[in-house]
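Visitor: Here is how the chains run, residue by residue.
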Amino acid sequence: MNIRRWGVASLLVIALSTSSVELWAIEISVGAGKRRIETYTYLDQELLSLNDLAGVFSLRLRENRSSLTIVGERGEVLITDGRPLVRSGDHYVLLTAGVWKRREGEWYVPQDFLLRALSNIVSQKIEKQADGSFQVKRLKTNRVRVGMESYPDHLSVIFEVSENAPVQVREFRDYIEVVFSDFLVRPEQVASSPDARLVTSVEFNEQESFGSFRIQKGSQFSSFRQHYLESPPKLVVEMLGNSSSMLALSASADPLLGQQPGDLKSGGDRIPRAAGISDVVVIDPGHGGVDYGVDAYQDLSEKVITMNVARRIQEELSRRSVNVRLTRARDVQLPNEHRSAVSNFYKCRLYVGIHLGGAPSSEARGPVVYVYSPPTNATSGLRLESGQGEPLFIPWEKGQSEFLSSSRRLATSLQSELNRLFESKNSVVAARLAVLAPVRAPAVVIETGFLTNEEDQQLLAASGFQERVADSISNVIIRFLK
Amino acid sequence: MKEKRRIILAVCLVLVAVLVSYFWLSSERERQLAVQDVGSEPLDVETAVLEDQSLGEIDVKLYFYSAGAVSPGSGFLYSKSETIYETEDDVLKARQIVNELLKGIGKQQAGQETETRSPLDRTRLRNLYILDDGTAVVDLSSDLVNSIAGGITSELALIESVTMSLRANVIPVTSVRFLVDGKARETLAGHISIAHPFR
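In order, the protein sequences belong to chains A and B.
Residue 1 is where the first sequence starts when you use the numbering used here, and the numbers rise one by one after that.
Residue 1 is where the second sequence starts when you use the numbering used here, and the numbers rise one by one after that.
Next comes chain A alone, as it looks inside the complex (with noise of 0.2 Å):
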């Protein structure tokens, strides 16, 4: 009688189990041909089967009683019979439901493990169609070149890429983690970091999804900002390090400065000329932060001028393989006394301020270069020198006296050549400038241009005649360093 009654009921249970089982199909299309995938529609949930994902994907399983590693081209993914969480590399993925091991070797997940597990470890892009079907592509390789760049204040980390990817930056205890996604990462060049007080190094992980950085932290890292910057793309994470190490930092964190003067006299590779002179060119872009400088129409200020066309002095310089350094970075204002500062720091060969003009009349314009003036009822000021006649201490608002003539070499040079591209006949003029007095190099500021005149304005609102413009100084700048 018992055994009749458990033979009914087991009846009932395998005919309910099949009922609730139906058999359908997905498509996915792969390139211009299209492959079916069985689905189960079990409790409710469309699973799909693995085994024909395997065929699709290039997929490797390796079962192991309740659990199957499946492995593809980028990583592995390792799933448990019933549960829904799943762990792909060093993450876990809940599904919407747990995964079903049919019978041995016959395994169904559900259809958000296409997209949420599955897209980590192939090499191929999986789009959801409105239809219900699913669209895979080959991913587009996305290359990352990654740079390091020392300022006085911070460490930038730069992903220079080849596509336009949506990006995350986030923190952890150890290091900060920048993740791309849509295209296959591929690093091309990962440079090594400057110093190793705010960054150790920079590290490609392969098993993140699309392919991720690790930036680990150094011991004297205290946070991090990031920006986005447009043609070439760029993603820069800017390391700071905690002000109380920051002097210290500024000391060492350019090799050149790490030196004394005896040093440098002696004569390291890096450093041709005599006098402790870089090769450092130090551009300026003018303003910044809350200072807007000169306002014109159209919401173009002349912070954002100078910021794009410094930019692009940088890119043809550096592709030049001329060494430039920016005394900004980002939109922040900076009084004279730091830009002046930042280019005496890097003992640069040549600075270049980037403005734009105003005046009280919109009759003006055209570009104007501007030198130095030295007051004429200055004092000498204190000059304490050492025993062969170099100066030991040189006042701050001196420094630029004994560049007066190269200076003005430059401007002259720079004066004819925007003459040229702006069609004027403007004359380089000498100012008390009080960015250019403690520049110990040859030093200028360059105004591309009148905001407050219509036509020059309307030359500079356009991206392609501040490229001009750029490529106009940088062809002067290589001409003054040769």
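Since the hints were made in silico from the structure, they are not lab data.
Given the structure is predicted, the values throughout are model-derived calculations rather than measurements.
Wrong hints could be hidden among the right ones.
What the hints assert, rightly or not - Examples of chain B residues lying across from chain A (beta carbon under 8 Å, computed):
| no. | residue |
| --- | --- |
| 1 | 154 |
| 2 | 156 |
| 3 | 187 |
| 4 | 191 |
To be verified - Now the in silico label distances, taken between C-beta atoms and shown as ranges:
| no. | chain 1 | residue 1 | chain 2 | residue 2 | range |
| --- | --- | --- | --- | --- | --- |
| 5 | B | 81 | A | 468 | 43 to 49 Å |
| 6 | B | 46 | A | 226 | 32 to 38 Å |
| 7 | A | 406 | B | 91 | 39 to 45 Å |
| 8 | A | 412 | B | 89 | 44 to 50 Å |
| 9 | B | 182 | A | 481 | 53 to 59 Å |
| 10 | B | 127 | A | 332 | 50 to 56 Å |
| 11 | B | 182 | A | 402 | 50 to 56 Å |
Glycine included, C-beta positions come from ideal geometry on N, C-alpha and C.
Chain A is fixed; fit chain B onto it per the hints.
Guide: Same frame as chain A, now just chain B:
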């Protein structure tokens, strides 16, 4: 008869009321006109003193920025004659010159593209004194400094105008030093150093 007398009395009362109203309104209108004739600008101490001295008026040569000029030197400024009160006090003379200059610069800027410029009508010279060595110390308000158009040319135009005008008209002045809101600043408006006097 009694009725007739009442009517005449009423008419007389109305006539008296009309006449009183007329005379009151007329006197009020005259008072209003008299008020309008009074100058609306308050008389400052400087002008009151100069009027009181009754030394007459003199012409001075003021220097203004020439529209379109970009390089200080010949043609950067143009001169224009203005009349000020005659005085034997050099500081009072210098103050009048700078005030006239600032008014002129204000008109010059307000007259063009007012949507991008702040007229200087609210700005004032805060103070001016002349040192024994011939340095005129000109203390400008930050309102004035903030309202110039921006750019190196604008700053140079203001500095050159004030320096040239004072040197040309006030004999003891040989150089001009600028302060802003009573304090020495690194630059006038972000570009030109005002740490040393201008000649």
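Visitor: Does residue 187 of chain B pass the interface hint, meaning its C-beta sits closer than 8 Å to a C-beta of chain A?
Guide: holds (5 Å)
Visitor: Mind checking the hinted window 32 to 38 Å against the Cβ distance between residue 46 of chain B and residue 226 of chain A?
Guide: Violated, at about 57 Å.
Visitor: Holds or violated: 39 to 45 Å for the Cβ distance of residue 406 of chain A and residue 91 of chain B?
Guide: The hint (39 to 45 Å, Cβ to Cβ) holds, given that residue 406 of chain A and residue 91 of chain B are roughly 44 Å apart.
Visitor: Taking 44 to 50 Å as the hint, is the beta-carbon distance of residue 412 of chain A and residue 89 of chain B inside that range?
Guide: Given range 44 to 50 Å: holds, Cβ gap about 47 Å.
Visitor: In this structure, is the beta-carbon distance linking residue 127 of chain B and residue 332 of chain A contained in 50 to 56 Å?
Guide: violated (35 Å)
Visitor: Could you tell me whether the CB distance from residue 182 of chain B to residue 481 of chain A stays inside 53 to 59 Å?
Guide: 46 Å Cβ-Cβ, so the 53 to 59 Å window is violated.
Visitor: Tell me if residue 156 of chain B is really an interface residue toward chain A, meaning its C-beta lies closer than 8 Å to one of theirs.
Guide: holds (6 Å)
Visitor: Can residue 191 of chain B be said to touch chain A, with a Cβ gap under 8 Å?
Guide: Interface hint status for residue 191 of chain B: holds (6 Å vs cutoff 8 Å).
Visitor: Please verify that hint: residue 154 of chain B, Cβ, nearest Cβ of chain A, below 8 Å or not.
Guide: holds (5 Å)
Visitor: Holds or violated: 43 to 49 Å for the Cβ distance of residue 81 of chain B and residue 468 of chain A?
Guide: Taking Cβ atoms as reference, residue 81 of chain B and residue 468 of chain A lie about 46 Å apart, which means the hint holds.
Visitor: Is the distance from the Cβ of residue 182 of chain B to the Cβ of residue 402 of chain A consistent with 50 to 56 Å?
Guide: Between residue 182 of chain B and residue 402 of chain A, where Cβ atoms are some 35 Å apart, the hint is violated.
In the structure shown, a violation is registered for the earlier hints numbered 6, 9, 10 and 11, in ascending order.
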